[in-house]
Structure formats: C-alpha cells, structure tokens
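Peer 1: The primary structure of each chain is shown beneath.
Number of protein chains: 2
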Amino acid sequence: MIKTLAFAALATAVTLSAAAFEARAEENNATILHRQGIYKVAAGHMTGLRSILAAKGGPVDNLTYHANGVLTAFQHLGDAFPPGSDKGETKAKDNIWTERAKFDKAGKNAYTAAVAMAEAAKAGEKAETRDAFKTLAGACKACHEDFRKD
Amino acid sequence: MIKTLAFAALATAVTLSAAAFEARAEENNATILHRQGIYKVAAGHMTGLRSILAAKGGPVDNLTYHANGVLTAFQHLGDAFPPGSDKGETKAKDNIWTERAKFDKAGKNAYTAAVAMAEAAKAGEKAETRDAFKTLAGACKACHEDFRKD
Numbered sequence: 001m002i003k004t005l006a007f008a009a010l011a012t013a014v015t016l017s018a019a020a021f022e023a024r025a026e027e028n029n030a031t032i033l034h035r036q037g038i039y040k041v042a043a044g045h046m047t048g049l050r051s052i053l054a055a056k057g058g059p060v061d062n063l064t065y066h067a068n069g070v071l072t073a074f075q076h077l078g079d080a081f082p083p084g085s086d087k088g089e090t091k092a093k094d095n096i097w098t099e100r101a102k103f104d105k106a107g108k109n110a111y112t113a114a115v116a117m118a119e120a121a122k123a124g125e126k127a128e129t130r131d132a133f134k135t136l137a138g139a140c141k142a143c144h145e146d147f148r149k150d
Numbered sequence: 001m002i003k004t005l006a007f008a009a010l011a012t013a014v015t016l017s018a019a020a021f022e023a024r025a026e027e028n029n030a031t032i033l034h035r036q037g038i039y040k041v042a043a044g045h046m047t048g049l050r051s052i053l054a055a056k057g058g059p060v061d062n063l064t065y066h067a068n069g070v071l072t073a074f075q076h077l078g079d080a081f082p083p084g085s086d087k088g089e090t091k092a093k094d095n096i097w098t099e100r101a102k103f104d105k106a107g108k109n110a111y112t113a114a115v116a117m118a119e120a121a122k123a124g125e126k127a128e129t130r131d132a133f134k135t136l137a138g139a140c141k142a143c144h145e146d147f148r149k150d
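Line by line, the protein sequences give chains A and B.
Just so we're aligned: the first sequence equals residues 1 to 150 in our numbering.
Just so we're aligned: the second sequence equals residues 1 to 150 in our numbering.
Quick caveat, the hints were computed from the structure, so don't treat them as lab data.
The hints are all genuine.
Intra- or inter-copy, both count: the list cannot distinguish identical chains.
Taking lysine-lysine pairs in the DSS-like style, the calculated list, with each CA pair at most 27 Å apart, reads:
#1 93 with 56
#2 141 with 102
#3 105 with 91
#4 40 with 108
#5 87 with 56
#6 56 with 91
These numbers come from a predicted model, not from an experiment.
Please model the complete structure; the sequences and the hints are all you need to start from.
Peer 2: Okay, here's the thing in structure tokens:
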C-alpha cells in the first residue's frame, strides 16, 4: 500500500513535470532559446573564471576548462540572430539588425579575446589568461551596452 | 588628433573596465562564484537542449555538445558547498548543510540523469535523450525547490 501510494505520487510528479515541460516548450522561440543557452554557457564560464582569476580561491584546475568553455560556446553560436528573431522574450535590441556590421564587429572582438584567453590558459600563462579575461569581459560589457536591453 | 582622442577614450574605457573588474572581484566569495559558474554553465546547456528537444528548431548539431556540457559541468563542481560557504550573495538554503545526505542524493539524481542523457545523445538516440532531459529537468527543479532560495 505504501509502495502503491509512493508510486502514485511519483507518477503524478512526473506527469506534472512533463506538462510543465510541454507548456514551457510551447511558449518559446527555438532560435531565441538557442542563443540564450549559448550566452548563458559563456557567462557561466566567465563566472567560473572570475572565481579563479579575480576573486581568487576558485579551483585553478578548472582554468582551461572554463577558458575553453567560453570559446567552444562561441563556436556553437552559428547564425543566432536571423531576421525575424527579434520577436519574443528576448533582450536583443533592434539595432542588432539595423547596425549589423557594428554588431558583428563587437562579436568578433569578443571571439578574438576568447581565442587569446584559451591559448593563454592552455600555455599555462596565468597573467596572460587574466589579461585576456579582462579584455573579454570588457568586450562582453561593451556589446551588452550597445545591443542588449537591461 | 582624432587618433589621439580615440586612444584616450579607449584608455579611459579600459581603465574603468579594470576598476569595475577589481571592485566586483573584491565583493565576491570565490567558492560561491565557482559553484554559480558551474550551475550557470549547466543551465545554459539545458536551455540549448530545450531549443532542440522541446521548442524544436534549435540546431540539432549542438545536441551532443550540450548534453556533454551538462555532464562536464557537474564533473567540475568538486567540493562546492564546504562549511562556511553559506554566507554571501548565495541562493543556497541553510538545509544544504543541515540535511546533507538529502542534498547529496538530489545531486546524485541529477548527475545520474546527466550521464544517461550524454550517453543517449552520443548514441544518437534522440527519444532517449529527450526522456533523460526531462528526467534531469525534473531533478534540477526538485533540488531547487528544496535547497535554493527564490
């Protein structure tokens, strides 16, 4: 009896979870979710890097993992801002589409800094990794100010 | 002259950025930042997976990248909730430390689901990947409800 009740409770929980999953799935734009996922991955790795390079005390063994993580995230971004993907729950400003050359340049700045950071981390150059991290953090911030809603 | 002004503006921007970097670094706990970074990476990969498996239309080529990404993030978590790391800007509830066995079990549930998801994605089993994704999303949600502040 207890087992049956426990199973019923579990089944209900699973059903609710699946329903919530479907409901959430319906109200979202795949293109927007994709790019938000990629940027969130990159941001998470930047936070991990902050724990090591800025706050100091984070696990130094994770340095290359996080540095590569930012770069790999960017490499999976693809065509993330196609025309029409400005509608929905997105912080993307309209000028991404109206000032595309400027936006692409901002993205390139971040990518270049991410490459430098991954290379420095791989080479075990902690000071250079930190410098590249600062440059990258600045590139992220600059792009957010120009192209992301608060 | 224009070049000089542009350089001065750039130098100012870099200085401000570095100052902001240091200021942010001072007020944060490395242990808390570390675990927030890891969970943010995992959450980002889950969002990427949602774009493919739930919202549908996200880049399917990214399936193994995201599935492995969640697992790899968990594998870099380490001893992320040591005693004393309950103070600071953290959403960690006190019962992480007072109900540790329950917390560890919740983490193990998520990890087990992440392993299953990565294996299913590697094998190209999309339906199984989706099932494991749902299980993992449920495990994340359950742990957040019990152990994370809103």
